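Colleague: So the chains spell out like this:
There are 2 protein chains.
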Amino acid sequence: MIALEQSLKFMIDIIFYSYNIKFCIYDTIMSTNHQLSYFFNPKSIAVIGASETPGKVGYNVLKNIITSGFTGKIFAINPKADELKNILDYPAYKSVLDVPEEIDIAIFVIPAKLVNPIAEECGKKNVKGLVVISAGFKEVGGEGITREQELVSIARKYNMRVIGPNCLGFVGINYNGSFAANTPKEGGIAMVSQSGAMLTGMMDYSMEQSFGFSCNISLGNKADLDEVDFIEYLAEDDDTKVILCYLESIDKGEKFLKVVPFAARKKPIIILKAGISEAGARAASSHTGALAGADIAYELSFKKSGVIRAKTISDLFDYGEVFLYQPIPKDNSFAIITNAGGPGIVATDAFEKEGLKFTSFSESILHLLRENLPKEAAIFNPVDIIGDASPQRYAFTINTIFGLNHSDTGKTNSKKEVTTQGALIIMSPQAQTHPNEVVKLIHAISSEKLQDKPILCSLIGGVSIHEATKYLNDHHIPCYPFPERAAQSLKALVDYSNFLKTKQIESREIPRFKVDKDKVTSIFANARDDGRTVLLSYETSEVFERYGIRSPKTRLAKTPREAMKYQEEIGKVVMKIVSPQIIHKTDVGGIILDINTPGEAFEAYIQIVDNTKKFGPQIAKVYGVEIQEMIDFRKEKKVNELIIGMSRDPQFGPLLMVGSGGIYANFLKDVSFALSYNFTEADAKEMLQKTKIFSLLQGVRGESASDIDSILEVLLRLSQLVNDFPEIVELDINPLLSFIKGYSAVDIKITISR
Amino acid sequence: MIALEQSLKFMIDIIFYSYNIKFCIYDTIMSTNHQLSYFFNPKSIAVIGASETPGKVGYNVLKNIITSGFTGKIFAINPKADELKNILDYPAYKSVLDVPEEIDIAIFVIPAKLVNPIAEECGKKNVKGLVVISAGFKEVGGEGITREQELVSIARKYNMRVIGPNCLGFVGINYNGSFAANTPKEGGIAMVSQSGAMLTGMMDYSMEQSFGFSCNISLGNKADLDEVDFIEYLAEDDDTKVILCYLESIDKGEKFLKVVPFAARKKPIIILKAGISEAGARAASSHTGALAGADIAYELSFKKSGVIRAKTISDLFDYGEVFLYQPIPKDNSFAIITNAGGPGIVATDAFEKEGLKFTSFSESILHLLRENLPKEAAIFNPVDIIGDASPQRYAFTINTIFGLNHSDTGKTNSKKEVTTQGALIIMSPQAQTHPNEVVKLIHAISSEKLQDKPILCSLIGGVSIHEATKYLNDHHIPCYPFPERAAQSLKALVDYSNFLKTKQIESREIPRFKVDKDKVTSIFANARDDGRTVLLSYETSEVFERYGIRSPKTRLAKTPREAMKYQEEIGKVVMKIVSPQIIHKTDVGGIILDINTPGEAFEAYIQIVDNTKKFGPQIAKVYGVEIQEMIDFRKEKKVNELIIGMSRDPQFGPLLMVGSGGIYANFLKDVSFALSYNFTEADAKEMLQKTKIFSLLQGVRGESASDIDSILEVLLRLSQLVNDFPEIVELDINPLLSFIKGYSAVDIKITISR
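As given, the protein sequences belong to chains A and B, one line each in that order. In case it helps, the numbering used here puts the first sequence at residues 4 to 757. In case it helps, the numbering used here puts the second sequence at residues 4 to 757.
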């Protein structure tokens, strides 16, 4: 591996600047969190559309608020208030404006058409937050879309925040403001869901699990408040230990990327992103667009933000539970203890699959195991304490591998040892196994001596291990019927541990190169004025030149004299007709190669223009003749073809790509991606290292290494370009020829928006 | 896509022969099955080491036989028989030889050292089968290995079959001959396990599931009977509907490949192969060996045999249950019905991931749905019948999508429609949902009208759907807490359905080319005589020539006159010194290019031999000078570099490889594999189509197609070669240059065993 570390440090034209986004983030948190806290801790709630008819949503919501033990004031709003006086023993009013006291939160369970006028009244009444359960907004299209826009306008006008519309409601510790059939148990998991039905299902499911919720929030149409707002709030919420999200879309990608990485350092955030198969509305006329999978931007943004991604609903809860109850391991260094070979092998396979690492025990630990376990036991990790293992043997082994039996025997290695940072303990019920005793000892050791090391169990069986399983659940040690899910959960802990070790975003350095932005602006403006969205090649060449990316020099000559001037400036050139209407330049005699003198350039200009007049279409608008540097790449000792590109993700912005280029790029599919947001040199390195061609660039079979630093620089400069110009829709460099020293971006395609 | 179909039909030198392995297979089945049936239906069992002390294995086994209701005779064998007379009320004998009646099965629970002498007695007593629970054999190494070999010899001598040693025992419908704590429920699943602990765990787990077992077999060390023997038996066993295996190794790969494909046509076979991470003892000095993953041979052999592979223990049971209770679908064409958007999206993602296809409903079905479902419903597949779906709406929708409400509306399409072949029905408990009613209707429709279409359910929730879930389990409709596992199970059914549609092995044509086997035998013998295992290049060239694979013609000249002769025969040649001691031929002047006349060849011979005498090592043994055809590949319009090779898997034999070749083959890793066992033209096509380079061979961007048929022929000829010569350990062709017409195997490496 070559010394990548030297890298860009020597480039003279870079200005590093500290990426100081933190202050503005904190500002957002203060204001949003202040407003959101009304939903979590309201002093008073009005139910708009409260009903005394069981089965009606307006009844269910009011009933849930009451029975969930809300201690603040409750007002029932109903047009028939004059007759009813009270609904379920709470005072009824015709309008919020009639309520004599302050209202913090209004929950809407009335037909969509009536929502906005009453929202307006809520604004006048100085209500802080609206929970709009009512459906009939954006999701029905047509006038529903206008209605939703109006609702947001009203909220903005009166500085109110809105959950929904078209949602299940809000369930917090202080009250259940939803129409769900049950109020879930209280606990440390915050659940945020874009699907009401999924939320009901999961709440129902959770009733029998060992965990409970700090809140269950149904986002509905996300007209105002979305997942990012709640993630931001919940990261600071003392009742919440873990944040789980079920999402079908993330509409505001940049907001997500700004907020979530900070929140994720405070609380683990686990997201199940559904609707993968329907995503991918990304433009795909470029190589980059075609090669990027529909899901890649979500994958990258989750990774960048420290989000743990659940692939299934089962994962979502497994990860929620393990993060709720177990500590984050310091290192990827674990042990398996088993009393049965088969399950141990299954667990080892699962560890391997998840990339979990086995601690290599110290000599002193091995010595203790060897002396005290039966000779049939396997003392190397995974440790098989065999079928007749007693509870005491389990306890001895756990204590030993964590170094708790480890009086200094003088046998410790001189090198600093990586110690065991957590364990998966497997028990298969056999004749001599006493499951209930074993789990009690596991819990005792774990809670007394291993507070910073995750312990997970897999008890394999049914009737024989019911009681033991229940004991583990009650004592917050995650227990799985088979070892595979345990390995996945442990991997989630490791991923989060690794994220916490990464550099804080605010201390990362995003290089800013000196560039000529104004010139590029004018090139784009010219093309647009001309009705073109795909740049011509002398234009792409100049854009790259202004951003410090090397490509064959190209100039547009509009007269034979200019052709002479540019040939003189560049050297050996090829000359080509420039006309958007002429696609096949060779066919009309529009290309002349190997021009070495100004005289030849003069004559070639006249010849090319003559040829195209003679052989080209009558309507052809001729811009002039392109004078392009001819580089003889055969002189280079080593040439690798790369593809580098950008396509714009509708949610997460520019998506950079690098990989194996050339005419077969689309078949080789050897490419890797990164978000251009906060793109650092380390990101550039990481994405290049993920490609197969990276090995070739490093040099194989005695070859010299290619100029990898220069490729990283291209990626960083490209990132700056596409961030500076949101009008660049797509960009492909294919091939970029990489040499032992330097490179050349030979063929460039830039597409801009109209 | 080019017409691959023409293919080899035109080759003149092929003799197709019908691969008539079926008869010999049937022979095996008859004899083995006859012997194995004693284990399943013994008339009498002797427990060797029976004990009346609770807690002892000899007690547990006897007790299990008795309490599991065995109706045959039971004999307790114990050295203290004279004192005891009876053990647990059954007659005790000192030796099997003392038993006055016939013994079918003897179960051993005595120390290892005592096993073989008593096995000998069993032989004399004409016992049919031994179940050796005792440990202390191969698994302990040393004398244990000898002991196990002896045990097998004894069994062979007396024509007895052996289960174990070192196992849990045998549990059948007629008796529980194991020391497991519980006797599992009776049912249609046969479970075969290489791990006793895994078997106990799984039996225990199953006690609460909806399925039961026809047998639970613990294979132990597989000294005699192994998984293949039992698969063969169980395929014919009337009590068994599905065969589940937990395996850590398959030691007899060829036996597996011979037997399992036949068995799999009779019963679904599901295997969890553990120990993936420890496999891969394959030789890896070749490209092919290095590129083949450790698990690839298992993966290929399972696919070839129609085995459904479970990736986790949870899969194993999920698949077992779905195959036990649901029919095999005719096509990959399914529907999802859901009353909630979120779970529907999750299920759609899972379908997409598993490659399950959505039926495109006919106009008449869509019409019915449109007319009868609420306007908010999604009538296209997946069908969302929305939150207020009543049981009747579920029933209506199921009937409709299966065409059961489908009176001819005159709107059916003219083209033959693919109809729905199965469904996943999702229910999320909402206010108007009546789960218990819904599941009753689902079961009624499924059992009355959809006997040939699999129906799976996912009820999302906990307390609200307990009763409904239990109802489904009791009525054999698989029900999953979340949709992802349902999709996996449905995929397993589709895989099996596809396997059943493949051509029967016995009707497949394995091409046999006319070759010169004797000549190749003598080439290998010469090399071996010479102490070489890697062939020299004139040897590989001749081996290939004799097997009809084109490579540059190469001859070994031992005199200047021979050089003349060969040059005249071949044409333009390169001449190279041949000496195993000279590695860098150019350095010693050992290579001369561009030889066009016999005269030049004569002189070149003398020059090369002179040069190597002067500049080469003193010890160099000179075989002569190689005369090799020089082909100018630059004349070819299209050249693709392929790699083709073979490495020998220790279990499953020759493993063929094809993919992108050249010096970067190991970095591109664009290769695919196939077992050479029963290798047909269709297999060759399939493996080539799996590579990325296949697109390039087909021709992209207006290029001509390469001669794909000729590549397929190389693969088939190579397969014949490596099957004819088990001494070929590894073989690489890299590159094989593929042209528009023809190919050339430029660089060949063949390694043979000593």
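Bear in mind the hints are in silico, worked out from the structure with no lab data behind them. Since the structure is predicted, the reported quantities are computational estimates derived from the model, not experimental observations. Wrong hints could be hidden among the right ones.
Claimed, not checked - For lysine-lysine, the following PhoX-like pairs were computed, each having C-alpha atoms within a straight-line distance of at most 25 Å:
| hint | chain 1 | residue 1 | chain 2 | residue 2 |
| --- | --- | --- | --- | --- |
| 1 | A | Lys356 | B | Lys672 |
| 2 | B | Lys59 | A | Lys378 |
| 3 | B | Lys356 | A | Lys314 |
Colleague: Each of the hints needs a verdict: does it hold here or not?
Modeller: Verification of the supplied hints:
{"no.": "1", "hint": "Lys356/A - Lys672/B", "verdict": "holds (20 Å)"}
{"no.": "2", "hint": "Lys59/B - Lys378/A", "verdict": "holds (21 Å)"}
{"no.": "3", "hint": "Lys356/B - Lys314/A", "verdict": "holds (11 Å)"}
Hint check: no violations occur; every hint is consistent with the structure.
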